[in-house]
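*Asks:* Could you put together the complete structure from these sequences and hints?
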Amino acid sequence: MIEFQNVMKRYQDGYEALQDVSFSMDRSEMAFLTGHSGAGKSTLLKLIMLMERTTKGHVTVGGQNLSQIPQRQIPYFRRHIGVVFQNHRLLYDRSVFDNVALPLEISGTNPREVGRRVRAALDKVGLLSKEKLTPIQLSGGEQQRVGIARAVVNKPPLLLADEPTGNLDPELSEEIMTLFSEFNQVGVTVLIASHDLALISHMKHRVIEINDGRMVSHA
Amino acid sequence: MRKQSNQPKKVNPTGANTAHKPNALNSYFSHHQKTYKSTFKQLIEQPLASFFTCAVIGIAFVLPALLAILLSNIQSVQHNWDGSAQITLFLKKGVPALDGGILSEKIAKRQSITSSLFVDNDAALVEFKERFELQDAVDYLDENPLPHVILVQPDKSLKSIQHIEQIKNNLLKFPEVEGALLDVMWVQRLNSITQVLQRTTWVIALMLGLAIILILGNTIRLAIENRKEEITVVKLVGGTNAFVRRPFLYMGAFYGFGGSLIAWILINLTLFMLNEPIQDLAHSYQSTFNLSGFSFESTLLLLILGMSLGWFGSWLAVRKHLDDIEPT
Ligand SMILES: Nc1ncnc2c1ncn2[C@@H]1O[C@H](COP(=O)(O)OP(=O)(O)OP(=O)(O)O)[C@@H](O)[C@H]1O
Ligand SMILES: [Mg+2]
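As you go down the protein sequences, you meet chains W and D in turn.
Here the working numbering = 1-based position in the first sequence + 10.
Here the working numbering = 1-based position in the second sequence + 47.
Don't take each hint at face value.
[To be verified] Some but not every residue of chain W turned toward chain D, in silico, with C-beta under 8 Å:
hint : residue
1    : M61
2    : P85
3    : Y86
4    : R88
5    : R89
6    : V93
7    : R99
8    : L101
9    : L112
10   : P113
11   : E115
12   : I116
13   : S117
14   : G118
15   : P121
[Unchecked claim] Label pairs and their in silico Cβ distance ranges:
hint : chain 1 : residue 1 : chain 2 : residue 2 : range
16   : D       : H79       : W       : S34       : 34 to 44 Å
17   : D       : S355      : W       : Q81       : 28 to 38 Å
18   : D       : Q80       : W       : Y102      : 22 to 32 Å
19   : W       : D108      : D       : Q93       : 14 to 24 Å
20   : W       : R126      : D       : M320      : 37 to 47 Å
21   : D       : M254      : W       : Y25       : 45 to 55 Å
22   : W       : Q195      : D       : S355      : 50 to 60 Å
23   : D       : E276      : W       : S47       : 18 to 28 Å
[Claimed, not checked] List time: in silico DSSO-like cross-link candidates among lysine-lysine, alpha-carbon distance up to 27 Å:
hint : chain 1 : residue 1 : chain 2 : residue 2
24   : W       : K140      : D       : K88
25   : D       : K88       : D       : K275
26   : D       : K176      : D       : K140
27   : W       : K165      : D       : K81
28   : D       : K139      : D       : K156
29   : D       : K367      : D       : K275
30   : D       : K275      : W       : K56
31   : D       : K140      : D       : K220
32   : D       : K81       : W       : K140
33   : W       : K140      : W       : K165
34   : W       : K134      : W       : K165
35   : D       : K203      : D       : K156
36   : W       : K165      : W       : K214
37   : D       : K84       : W       : K142
38   : W       : K165      : W       : K66
39   : D       : K275      : D       : K81
40   : W       : K56       : D       : K367
Hints in this document: simulated from the structure, not taken from any laboratory.
We put the beta carbon where it would ideally sit given N, CA and C, even for glycine.
*Replies:* Structural data, given as structure tokens:
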């Protein structure tokens, strides 16, 4: 599903955030991406969803070499990837329902279908009763779950998450990780960047570690 | 706008099914509907700011529109004129009436002349007396002070003042002719004034159109700034540039529409206020002249023009500012 071949990423200021990174993930696999702060975890995820482009090497997602995707095709590519952001990136002037509906609206889903799908996603994260509230009226954990619902509402085959439990208490963190496991069990490929080592070891999934932009282990 | 932009293209690396083809068109329209509704809601949620933007656009519309109305009124006056210019030839004192008649016939045979009429000075005096009721005054005169006159009608196809002027000068060469008067001057002058006015209207319309585009561009730029986060998120979850642009294009169209609506009101108010003095003026020339106002077609044109200009202005702004916003 994901393949990195000798990937190097140098930012515009000359800083090399990733150096010679190679690894691959199978379809329906779940893995954690760890490393110290500034190791290059977010950078790696950004390369997968084409928020950034590689400087050297190749990233292949679902058999498609990302360097061959032209700029104007990126939106269509992104519709196949669900992303959960550390700071939620919700729209605070819209209801929970509208936030989750956004990807469906963008991909031009039939309006009747939208309601059904949004409610299914909200049900999955346990927020069905709060669809009419705005994100401000929710707790941090609930906001994060809205973000997850938005990421999965399109039923993407690949789910990326950048520090999804960043500022949540351990119990909530475990709850959210369990949620990701459940998506993985129905065949979704899941890659989660996190430095919550205790939680990761607890989950018994594959761990990909990077240190100063280089691969440490890929078991 | 581009319809295909909403449908997923070939890039489908992960084999997901996000294409919902059967209702693609349906949902495309429903999205448009939703967009203009929510955009309209945004605008009326800030009534004062929206009104000011519309008012500025409206005022910029008024001047060229009024000039255009003035022009069309002048042109309708010109259309009512049948195109005939008249040259009046005054014959020298002592030229016998018979010679005058012969001269008149000679002139009428010329190619550039349609007709010519000899008016005997005695007949003219009689008419003068009757018309102005100056019977007594005229009776005191020893002799007829009026000269014989020949009224010459140049060919109607001759519109330019130079041509008619030339004919007049040629007619002056006859030894019997004392002087000549061309009574089309004012129509010709009006013609050239109209042309100047026409150009002025175009220049002003162009400049103010540009001003409208700039004003809108700035307004849209601010709107984009305000919604930067939203744009970023939309792009992150797969929104195309076309999708992101849409609400701003609607916003521009709404501003343009509101602006032309305000312009319409201002124009009609101005016409209403001008109507009376213009009637008075027309009366003093023994004329009945009605200021023709804003027809239904012109109203429609104004509204469509306003909307298109708004759409275009925001399209320019969006092109410049929006496509650059890339999520980081
Ligand atoms: N746009 C950028 N321009 C220049 N340098 C950048 C940019 N983004 C990230 N970096 C640098 O690249 C390095 C890796 O950043 P990245 O965000 O990938 O780290 P991370 O592993 O996600 O860290 P954290 O756990 O703190 O989120 C950091 O040193 C960062 O300063
Ligand atoms: Mg990070």
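*Asks:* What hints, given by number in increasing order, does this structure fail?
*Replies:* Going through the list in order, the structure violates hints 20 and 38 and respects the others.
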